[in-house]
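Line order of the protein sequences matches chains A and B. The letter at position 158 of the first sequence is residue 160 when you use our numbering, and the numbering goes up by one with no holes. The letter at position 189 of the second sequence is residue 208 when you use our numbering, and the numbering goes up by one with no holes.
Any given hint might turn out to be false.
Stated by the list, open to error - Covered stretches of chain B, going by a simulated chain A footprint (3 or more residues, C-beta under 8 Å):
1) 56-66
2) 84-91
3) 96-105
To be verified - In silico lysine-lysine, DSS-like type, Cα no more than 27 Å apart, as pairs:
4) A/50 x A/148
5) A/50 x B/231
6) A/127 x A/148
7) B/231 x B/184
8) B/231 x A/74
9) A/21 x B/203
10) A/74 x B/233
11) B/163 x B/203
12) B/231 x A/21
I should point out that these hints are in silico values taken from the structure, not numbers from a laboratory. The model shown is predicted, which means the values in this text are computed figures rather than measured ones. We treat Cβ as the ideally placed atom computed from N, Cα and C, and that holds for glycine.
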Amino acid sequence: MSQYQEKATVTRVEQFSEKNYRLTLDCPRIAGCAQPGQFVMLRVGPGKDPLLRRPFSIHQTRADGRLQLYFKVVGRGTDILAQKRPGETLSVFGPLGRGYRLDATSPSVIVGGGLGIAPLLFLVKENCRLKNDCSKDLLVLGAREKIELEPLLADFQAFGLTIHTATDDGSLGHRGFIIELMQSLPLPAGCTVYCCGPEAMMAVVSSLCRSRAIPCQVSVESVMACGMGACLGCSRPAANGGYTHVCLNGPVYDAEELLWES
Amino acid sequence: MGELSPGINVLPDLRVNIGSLELANPVMTASGTFGYAREFENLMNLHRLGAVIVKGISLHPRAGNPPPRIVETACGMLNAIGLQNVGVDRFITEKMPYLAALHIPVIVNILGDSLAEYEEITARLAGIAGVAGIEVNISCPNVKKGGVAFGTDPAMAAAVTSAVKKKADVPVMVKLSPNVSDIKVIARAVEDGGADSISLINTLIGMAIDLKTKQPVLANVIGGLSGPAIKPVALRLVYEVAKVVSIPVIGIGGIESAEDALEFMLAGATAVQIGTANFLNPRASEDVVDGIAAYAVAEKLTSIRSLIGGLRLPAARPQSLIPMKNPAK
Ligand SMILES: Cc1cc2nc3c(=O)[nH]c(=O)nc-3n(C[C@H](O)[C@H](O)[C@H](O)COP(=O)(O)OP(=O)(O)OC[C@H]3O[C@@H](n4cnc5c(N)ncnc54)[C@H](O)[C@@H]3O)c2cc1C
Ligand SMILES: Cc1cc2nc3c(=O)[nH]c(=O)nc-3n(C[C@H](O)[C@H](O)[C@H](O)COP(=O)(O)O)c2cc1C
Ligand code: FES
Chain A
3 MSQYQEKATV TRVEQFSEKN YRLTLDCPRI AGCAQPGQFV MLRVGPGKDP
53 LLRRPFSIHQ TRADGRLQLY FKVVGRGTDI LAQKRPGETL SVFGPLGRGY
103 RLDATSPSVI VGGGLGIAPL LFLVKENCRL KNDCSKDLLV LGAREKIELE
153 PLLADFQAFG LTIHTATDDG SLGHRGFIIE LMQSLPLPAG CTVYCCGPEA
203 MMAVVSSLCR SRAIPCQVSV ESVMACGMGA CLGCSRPAAN GGYTHVCLNG
253 PVYDAEELLW ES
Chain B
20 MGELSPGINV LPDLRVNIGS LELANPVMTA SGTFGYAREF ENLMNLHRLG
70 AVIVKGISLH PRAGNPPPRI VETACGMLNA IGLQNVGVDR FITEKMPYLA
120 ALHIPVIVNI LGDSLAEYEE ITARLAGIAG VAGIEVNISC PNVKKGGVAF
170 GTDPAMAAAV TSAVKKKADV PVMVKLSPNV SDIKVIARAV EDGGADSISL
220 INTLIGMAID LKTKQPVLAN VIGGLSGPAI KPVALRLVYE VAKVVSIPVI
270 GIGGIESAED ALEFMLAGAT AVQIGTANFL NPRASEDVVD GIAAYAVAEK
320 LTSIRSLIGG LRLPAARPQS LIPMKNPAK
């Protein structure tokens, strides 16, 4: 398993809504070996404050060595990141963690809510590369409002899977929660669910899957210092007792491996 | 004849001695910040390390604290990992074979909640191939003494030291807690107890509060502060301790660069440990070795040892060297 600490050059910064951004980096070594669902740890600046690297899912990689992140400004680190300009450099460490384990023999139901959409473009791309035909696969995306979804839709539409959307305010697709949309859809027989989104959403999606005996993989978050198993800071209660470490054993888990609050 | 002039084409001598243990250079990794070393094998050259110090090991496995265990603070971080580890027996069977095969000094950090536990762990480590030293974490609560940390009481600190010394077949380094009113008293007690060297500092106890939820950020409420924020405190403590003991002192606290490490050596440290910096830059410790070598070449030092305790104090007003009792006056 190769991991690199790479000095990446910013090649593009896209602002999709007030707080949502997409950053494109020239980062060939990490892009060259990353798997969907894996993440990178990014140092937003060279100084001592903010000190720690910030974890971000890999949104997409390209054969030309480009790596994209899709992020929301929530604090100091992401604020600094949003102000990067093409030509500036950043230290990127990755790829890290265990990504999605794609089952090419089973129809995919890919479910993303809010910023949880970030790793799914990479996943959809790989899913459709592994399968000749992904028209039976479903992509279910949810967000608070239209502007959080619309700018990303075109990228997903290129792959030909069936897309359903939900927004809290009904400005795009189903009005309401993604779980209601999922419950109303005929899910393909023998499917596997791949999910990323807010904790509460993943809890209901995993319980729906459990009740219907559908295998479900989720990508979860935790605070992190090292991202590579050295600090033991990223613990999360495991289903079989004790703790699991999100940076090493995750961020993608079989939902059954984790303890969910109900 | 350029090749013959020292400091040009001759590799600088970075060796230091921690009692009977000779290190190829003064740079070690701090316990709990470097896993069991294997995590870093593809990210740096482990053979460049002076020594590796592994995550603290207890007699029985410990699951650690509930999350959140870490939070970033200004120029530092708080951690309350809760000493999660696999326990000494699994450490010996699962982790030690890899570490021994590295052929670099491996120092095992140990912790316990009673004297008997410290003794038993040390006894189990005796004779294990590859173990070059033991570092005793005395910042742990003594269960028999109502949870008072061993490291805050001179008599208890000395007792742990001699208990470990009795069973150890390798040099013993005792790691001091900075959360005491006079660290010099503890340092001397540990030296009297038979320690071969002293390392400091462990983390400074701190806390973070979330105003929005009115709750502590860490599930454990309090945690240990580390990183650049603690470096000035660590330097001062190393300086004070090095003056009152005759055994080697190892400096720890906020070291990120060779400059930081060299400052600790001037303050009296024989060697240093790199902690939190490993999280920011997985090859931080190797970079520090490179930086120290470059410094030794640039300064034409025949041996890095010549720097230890080489602090130049202001000559004019010797009175001001004595730490002020009350700086406000
Ligand atoms: C494996 C992994 C993948 C991630 N992928 C993405 C991604 O693709 N896009 C994205 O926008 N974000 C992602 N995150 C979350 C991202 O790491 C945090 O939003 C970021 O670290 C915040 O940094 P900051 O300095 O801006 O905020 P800070 O100033 O550190 O914190 C601001 C606020 O955000 C909260 N916060 C901080 N870190 C997290 C976190 N890890 N999860 C939830 N809340 C947090 C804090 O509690 C605080 O309230 C991911 C996190 C993990 C662990
Ligand atoms: C996440 C984390 C875990 C730690 N675990 C241990 C430990 O198990 N035993 C120990 O003696 N010190 C432990 N420490 C303390 C460090 O070894 C070191 O003394 C301290 O962090 C100060 O150095 P730094 O500022 O370079 O990090 C830990 C520190 C951190 C940040
Ligand atoms: S973030 Fe350090 S072990 Fe996971």
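These are the hints, each one checked on the structure:
1. 56-66: holds (count 4)
2. 84-91: holds (count 8)
3. 96-105: Check passed, 4 qualifying residues.
4. A/50 x A/148: 38 Å, violated
5. A/50 x B/231: The hint holds at about 26 Å.
6. A/127 x A/148: 23 Å, holds
7. B/231 x B/184: 49 Å, violated
8. B/231 x A/74: 20 Å, holds
9. A/21 x B/203: Cα-Cα ~52 Å, so violated.
10. A/74 x B/233: Answer holds: residue 74 of chain A to residue 233 of chain B is near 25 Å, not above 27 Å.
11. B/163 x B/203: Holds, at roughly 25 Å.
12. B/231 x A/21: Holds, at roughly 21 Å.
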